[in-house]
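Following the hints, complete the assembly by docking chain B onto the known chain A.
Next come the chains, spelled out residue by residue.
Number of protein chains: 2
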Amino acid sequence: MMMKDFRIGIIRVITLKREEEINRHGKMIEEAFPNFRTVSRCIEKQPRGIFDEKSEDEAVPKIIRVAKQLLNENVDGIIVSCVADPAVNAIQTFSKKPVVGAGKPTALLALSISDKVGALGIGDEPPKPVSEILKDRLISYRKPRGVSATIDLERNIEFAVEAAEQLIRDGAQVIALCCTGFSTIGLAPILQEKLRIPVIDPIIAAGTIMYHELIRTFMLRSLWK
Amino acid sequence: MMMKDFRIGIIRVITLKREEEINRHGKMIEEAFPNFRTVSRCIEKQPRGIFDEKSEDEAVPKIIRVAKQLLNENVDGIIVSCVADPAVNAIQTFSKKPVVGAGKPTALLALSISDKVGALGIGDEPPKPVSEILKDRLISYRKPRGVSATIDLERNIEFAVEAAEQLIRDGAQVIALCCTGFSTIGLAPILQEKLRIPVIDPIIAAGTIMYHELIRTFMLRSLWK
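Protein chains in written order, with our numbering: chain A, 25 to 249; chain B, 25 to 249.
These are computed hints drawn from the structure, not numbers from a lab. Glycine is no exception: its CB is placed at the ideal position from the N, C-alpha and C atoms. Treat the hints with caution; some may be incorrect.
Examples of chain A residues toward chain B, derived with CB under 7 Å [to be verified]:
id, residue
1, Met27
2, Glu55
3, Ala56
4, Pro58
5, Leu133
6, Ser136
7, Asn180
8, Ile181
9, Gly210
10, Ala212
11, Pro213
12, Thr232
13, Ile239
14, Leu244
15, Arg245
16, Leu247
Among the chain A residues that face chain B by a calculated CB cut under 10 Å, a handful are [unchecked claim]:
id, residue
17, Pro71
18, Ile224
19, Ala229
20, Tyr235
21, His236
22, Thr241
Okay, chain A solo, but in the shape it has when bound (with noise of 0.2 Å):
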C-alpha cells in the first residue's frame, strides 16, 4: 500500500495579510509530514488573534464558517491553530473529517514525555484544553513579561526564554508552548538548545494528533492487508 496524500485545512484564528505569514504553521506541517498538503484561512476582522475570553467568543462563529467552507472544498481535516481550541467540539459535530486544536494535542504530547509539566502562554490563565487534560500534572503556569497578545510574542523572545527558565525552577521537566504564535517565532528549538529540556510546540502536536486521526479513520483496515 502507497500512503495517501492528505489535504488539511488550517484555520488561522488572527487576521493577517501576507500569504507567507496566512501559509507560516501550513509550511510547518508540510515539511513534518511530508503526505500531507495544506490550505491555510484565516477569520475576518480579528488583528491581534484570541487573547482572552471576549476575543474567543468573537472568533467561534467565524472559524465555524471557514471550516464549513473548508469541508465544502473537500479537505480530509482541519486543524484549528489555537491552543484554546476554540469551535473544535462544534465543529465536530456536523464535520465527518477529523478536526483538532493545538491545545489538547500540545498537553498530550507533553504528556508522553513527563508527567512534571511547565505551561508557557500568554493569558493570565493557562488554556482550559490544557489545565483539563493535565489536571495536577500541569505544574506551573508562567506568561512572558510584556506579552498579552500573540503579536507580541516576536519582540519579547527574551522575555520568553526568561518565563521558560522560571518554569524550570518550579521543577517542569517538559515545557508546553501554549499559543501556536510561539510556533511562528519558533520559539521552540531555540528552548531546547538554549535550556536542554524538551519543548513542545503546538503546531508539530496539533499534525501529529491529525496524522494518527486520518491513519485511524481512513487507512486502518489496509494496515493488515
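Leaving out everything else, chain B in the frame of chain A:
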C-alpha cells in the same frame, strides 16, 4: 527540506520463530509511517510473552539486553511492543535515542478522542501505564473470555468483540486496545467497522508518539528553515 528516513528498532516481548510473525508489528509501522524502516527482535525463552507481573519481571533484563544491541546497531529510536511499557524507563536512562512503549501512547491517543475511555486487555487489571495516564477517565476495563495471554487472542476474536460491546454499554466513547496482540490479529478495524466506535491500536499509537519524538529530537530546528 526532505524528510529523512528513520530506522526504528522494534522489541517483541515474546519469543517467536517465523520471520513473518516477528516482523508483523514492524510491517504495520512501515505501512502507517512511510519514512520509518524497522528492524524487529524478540526476547528469548518467553513463548507466552508478558501476561502478568512475574512474566514481566523475567522479561525486563532481556528487553534491556536487546535494546542495547539495537542501539549499538545505530537505530534512531526503540519501540518496546508491549502495553505494559516494560523496561522503557530503564532504557531511557542510557539511550540518547527516543524510546517508547505502547501503553502510554495508547492511553494518550484514546484521551485525544474522548475522556470516557474503555480499555480491553488480557490481564486481570488494566496495564499500569494506561491507568496512570487516564486515572478516572478510564471508565471501564474488560478482558475477553477465554484469554489469559496474547497467544490466546487469535482463537477468541468473538469474545473480544463481546467484551468491547460491554465496554460500550459501560459508557465508553473510545476503546483502547491494551495488548499488542490485538494489533497482531487486526482487531481495531474489526471493532471500528462492527461497533462504530473509535478504537486505538497500540502499535499505531506507539508509532505516532515515536514520530513526534523523532521530529522534536532531531528535526525541530529545520522546520523553520
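For each hint, the structure was consulted:
This hint holds: methionine 27(A) has a C-beta 5 Å from the nearest C-beta of chain B, less than the 7 Å allowed. Taken as an interface hint, glutamate 55(A) checks out: its beta carbon lies about 5 Å from the nearest beta carbon of chain B, inside 7 Å. With a least beta-carbon distance of about 5 Å to chain B, the hint placing alanine 56(A) at the interface is held under the 7 Å criterion. Of the supplied interface hints, the one on proline 58(A) holds, with its beta-carbon coming within about 5 Å of a beta-carbon of chain B, less than 7 Å.
Annotation: interface hint on leucine 133(A) holds; nearest CB of chain B at approximately 6 Å, less than 7 Å. Hint on serine 136(A) holds. Least Cβ distance to chain B is approximately 5 Å, under the 7 Å limit. A hinted interface residue such as asparagine 180(A) counts as satisfied when its beta carbon comes closer than 7 Å to some beta carbon of chain B; here the least separation is about 18 Å, so the hint is violated. Proximity of isoleucine 181(A) to chain B is violated relative to the hint, the smallest CB-CB distance being about 13 Å (cut-off 7 Å).
With a cut of 7 Å, the hint placing glycine 210(A) at the interface with chain B holds, because the nearest CB-to-CB distance is about 4 Å. Because the smallest distance between the Cβ of alanine 212(A) and any Cβ of chain B comes to about 6 Å, under 7 Å, the interface hint for this residue holds. Look at proline 213(A): its Cβ gets to within about 4 Å of chain B, closer than 7 Å, so that hint holds up. The interface hint given for threonine 232(A) holds, since its Cβ lies 4 Å from the closest Cβ of chain B, which is under the 7 Å cut-off.
Interface hint at isoleucine 239(A): satisfied, since its Cβ lies 5 Å from the closest Cβ of chain B, which is below the 7 Å cut-off. With its C-beta approaching chain B no nearer than about 4 Å, leucine 244(A) sits inside the 7 Å limit, and its interface hint holds. Satisfaction of the interface hint for arginine 245(A) is found here, the shortest Cβ-Cβ separation to chain B being roughly 4 Å, below the 7 Å cut-off. Hint status for leucine 247(A): holds, given a least beta-carbon distance of 5 Å to chain B, under 7 Å.
The beta carbon of proline 71(A) comes no nearer than 23 Å to any beta carbon in chain B, farther than 10 Å, and the hint placing it at the interface is violated. At its closest, the beta carbon of isoleucine 224(A) sits 7 Å from a beta carbon of chain B; the interface hint therefore holds under the 10 Å criterion. Restraint check, alanine 229(A) versus chain B: the minimum CB separation of about 7 Å is within 10 Å; hint holds. Hint on tyrosine 235(A) holds. Least Cβ distance to chain B is approximately 6 Å, under the 10 Å limit.
This hint holds: histidine 236(A) has a C-beta 4 Å from the nearest C-beta of chain B, less than the 10 Å allowed. Checking threonine 241(A) against chain B by beta carbon gives a least distance of about 8 Å; that is within 10 Å, so the hint holds.
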